[in-house]
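**Q** Residues per chain, in single letters:
4 protein chains.
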Amino acid sequence: MAAATFRLDQTGLLVVDPYNDFISEGGKLWSRVREVVEGNRCIPHMIEILEAARSAGVRVYFAPHHRWRPGDYETWRFWAPIQEGSARSKNFADGTWGGTFRDEFTPKPGEIVAQEHWCSSGFANTDLDLQLKKHGTHQLIVIGLRANTCIDSTVRYAAELGYEVTLVNDAIGSFGWEEMKATLEISAPNYARAILSTKELIASMFRVGA
Amino acid sequence: MAAATFRLDQTGLLVVDPYNDFISEGGKLWSRVREVVEGNRCIPHMIEILEAARSAGVRVYFAPHHRWRPGDYETWRFWAPIQEGSARSKNFADGTWGGTFRDEFTPKPGEIVAQEHWCSSGFANTDLDLQLKKHGTHQLIVIGLRANTCIDSTVRYAAELGYEVTLVNDAIGSFGWEEMKATLEISAPNYARAILSTKELIASMFRVGA
Amino acid sequence: MAAATFRLDQTGLLVVDPYNDFISEGGKLWSRVREVVEGNRCIPHMIEILEAARSAGVRVYFAPHHRWRPGDYETWRFWAPIQEGSARSKNFADGTWGGTFRDEFTPKPGEIVAQEHWCSSGFANTDLDLQLKKHGTHQLIVIGLRANTCIDSTVRYAAELGYEVTLVNDAIGSFGWEEMKATLEISAPNYARAILSTKELIASMFRVGA
Amino acid sequence: MAAATFRLDQTGLLVVDPYNDFISEGGKLWSRVREVVEGNRCIPHMIEILEAARSAGVRVYFAPHHRWRPGDYETWRFWAPIQEGSARSKNFADGTWGGTFRDEFTPKPGEIVAQEHWCSSGFANTDLDLQLKKHGTHQLIVIGLRANTCIDSTVRYAAELGYEVTLVNDAIGSFGWEEMKATLEISAPNYARAILSTKELIASMFRVGA
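Residue numbers (the numbering used here), protein chains in the order written: chain H, 162 to 371; chain L, 162 to 371; chain X, 162 to 371; chain A, 162 to 371.
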């Protein structure tokens, strides 16, 4: 796979679903992601990349999953299994700690929080594509959770919509190593221009192109 | 997983990429898909489902991959790895046998051929969503190739866009069993309301709902 | 123009931008819309239609313009003139009375409030299309403000996306009669299946089809 | 209105519907557009701009309306009035002279012909947005026909999707001066960053920004 070359003024960091329910001890989904995110040190890597992007002047975007609110989904006639699961578990409930970004991922002024997505792709039915265009972003670095759902769908959509994607293999997490493998070995090699480790990414970001 | 209940007037069969290059002996990709599509009898199953849909009055849609034409991709500044592969291999070249649907999949009058898709999702940058709405279709049965790319992306997009999806596990094919497993066990259970065998699907289609 | 025939279970009422800033005395834009909305009795008509839809069991949707928040637009590299105007005027500021729906338009349980739109179309970069599909809505009655911007763009998008649109000529308003004419006589006849008065609409809604 | 400043490597010329049926004597719609397009010298201006763009190295895009083909529209359950008109008149019939671009607008290698659009916007249900992103285009110059339908809808969509639009007031045409006024005075000032004459545009294109 070709080394990633970034034009920093055209590059964005996209952080997917950094909710306490997902990535903080005590969150509703913590017990399910723990093995992987502790195993690949996903959270410290996500923080390291966020800080590196901020230092390098790379625009930061957040793609938040829909926060559960009373009444959601109840009137729908059609839904996907993953939405039934969200409805049952009331994941990322609006106004709760679980539905708040983990402290280290609190957006700063000038950072863009896209509208909440209802299923898995950060692009579907949201303003993420618009925000990227409004800022002239063409290259996307994707980190966050969950590998085979939100990350995979967001990477696929990004590629379909014309963006150049870099995925960071130790800054994403999921419910198990099989899911990680499906994303990193079976799916993403088709859609991501580069799949890098955090260390390789940070080296690349400062070896910028013209 | 709940049994699928179809309202036939709201149901569509979506056939993805039934090109000779993919599913006919002598096609450019035949040697890569042969093990799986012979193993699960994908092609006879696809034909069986197509005929059952036609008999039952279920609307048939085709989602064709972009046919290669001279000059394609050459001016792009950004592309996905899977597009580089298509450009190199000149898959589904326009005007050739490889870029023609296999005989049994020749569209009949009243069947809808969506615009060609550039990457993997039959929905992205095409009129497929429009055509489904223009015909009042809400439930989609998805068959064809290739499991972890076009099928997976099309199923994900369908779910994101609000459709109810049924995937047929022995009427899809790919380059290997690992890819099939990633799609059928890791990805699609989140997005498809039902994953059925051809036999189960055909039984379901005639046990229609109200 | 053909009389409108509605299937109530496939029909939705779409109320566009019923903010105090637009349609209440004292709102930021009140002085600009007053002549038209008093002239055609837009607001009582909007209320009458909303109540008729609720009585008839027609699903109600709201398409709200982006509420101004500090920092909005400031980092964009490209914007439309109408967005520059919104940024300057801080229209529909979040958390203020002006950025709140006028009392009579407070959504009830089971009514759908789409995500805020950044420009004029209620569909662009929002979940409105998804919500309509999730509820099986194919026919849309459109009312609200402002005729030549949000109404016109929303009607055009609805038609492009495959919906059948009815526009109500005395339940929309704008900054002047020239704008009303441009929408009702020049643009909408191409995209709306019916353009009715409130009285005609309400008669139609109870003369429902099969 | 601010003078337009173009970055040529981010600028595209978008030519909408330059079909013989529209802009050649003998075309199906010629008698309807003749007064305006002869009045503002639309066609020589369109040619002049196309040549200037080619000379300046500005990427050229074409947004073609759906060419009529047998069976089109017949199975749809919902359609817009403008689509009923197209179906009746068989405008731009595929394989005919009327459905061919006027000679001067034959695309050259490296120029992009988007997929055909079914209604009015060159963006809706096509790959135009993708093609613009793949080439890094952010600024669009729009010319062609018909002012209040395809041009207006394409300009609105372009603005919604995040592009910066320049409209050329004497390189667009329509069925009458009222339609031109609705587009140029009522609608486009909200969505186009600049509305220029051909002469002003060409002066601007060579006074490029950084």
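Honestly, the hints are just simulated from the structure, not real lab data.
Do not take every clue at face value.
Copies of the same chain look alike in the list, so a pair counts if it fits in one copy or across any two.
With a straight-line Cα cutoff of 20 Å, these simulated SDA-like cross-link-like pairs (lysine to any residue) come out [stated by the list, open to error]:
1. K251 to G218
2. K342 to A364
3. K251 to E339
4. K189 to A248
5. K360 to I208
6. K342 to V221
7. K251 to P270
8. K342 to A217
9. K189 to R263
10. K269 to G187
11. K269 to F336
12. K269 to D233
**Q** Which earlier hints can't be squared with this structure?
**A** 1, 2, 3, 6, 8, 10, 11
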